[in-house]
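Next come the chains, spelled out residue by residue.
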Amino acid sequence: DIQMTQSPSSLSASVGDRVTITCQASQDISNYLNWYQQKPGKAPKLLIYDASNLETGVTSRFSGGGSGTDFTFTIRSLQPEDIATYYCQQFDSPPLTFGGGTKVEIK
Amino acid sequence: QVQLVQSGAEVKKPGASVKVSCKASGYTLTSYYIHWVRQAPGQGLEWMGIINPSGDDTRSAQKFQGRVTMTRDTSTSTVYMELSSLRSEDTAVYYCATSGTYLSWLDAWGQGTLVTVSS
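As they're listed, the protein sequences go chains A and B.
Residue 86 in the working numbering is what sits at position 86 of the first sequence, and the numbering runs on without skipping anything.
Residue 1020 in the working numbering is what sits at position 20 of the second sequence, and the numbering runs on without skipping anything.
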């Protein structure tokens, strides 16, 4: 199975800050990488697919990049509504696997 | 976008089985692959398996093989996931989610079904 390692596991930042989360795959997954946002008590929501494509209706403050084994997710200017846990997920080969999550809080 | 509605919370005893349903609201699921993902309390997301649009092909993660059964009723556009031989570690929220292809992003999710396994 492909292991997905996210870092940090949690972070605290101020409103307006630029926030970056990294996700590393245990093997080359090309650009087969997605990002999700999950708020407490809610289902995950797709934000980014194929590493860098913004899902329809998702704010452009979010962006993704990378390929191969190293990927990033960036929030350009952190807002209070961005408080959530973010997960990466690979779909290069089954089973689909997720990173451990990054909990984002406001300082 | 497809909206998925799942069945309600369940409480089961160890060794029992649970069957969770997932139905599309306002759409038919016949074009979609359906995944099942679970989340134990305070933990991350864990992919369990997938069923294809026609319902004749399922794949599951190795740890669930032999315990999970995924089926679909095309006449009612409902998908089911049954997990047997429940143990306390199976206490989790179970989600269904759609994708357009076998390996892809999960673009619509159900609201989740809490399954509690307790004696």
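Check before you lean on any hint, since a few could be wrong.
[What the hints assert, rightly or not] Pair ranges (Cβ atoms, derived): (1) A:Glu105 x B:Gln1062: 30 to 36 angstroms; (2) A:Asp1 x B:Gln1001: 36 to 42 angstroms; (3) B:Pro1014 x A:Thr72: 38 to 44 angstroms.
By construction, these hints were calculated from the structure, which means they are not laboratory data.
Glycine is no exception: its CB is placed at the ideal position from the N, C-alpha and C atoms.
Results for each hint:
Roughly 35 angstroms separates the CB atoms of A:Glu105 and B:Gln1062, a value that falls within the hinted 30 to 36 angstroms. Roughly 30 angstroms separates the CB atoms of A:Asp1 and B:Gln1001, a value that falls outside the hinted 36 to 42 angstroms. Taken as a hint, the range 38 to 44 angstroms holds for the pair B:Pro1014 and A:Thr72, whose Cβ atoms sit roughly 43 angstroms apart.
The structure fails hint 2 only (numbered hints given earlier).
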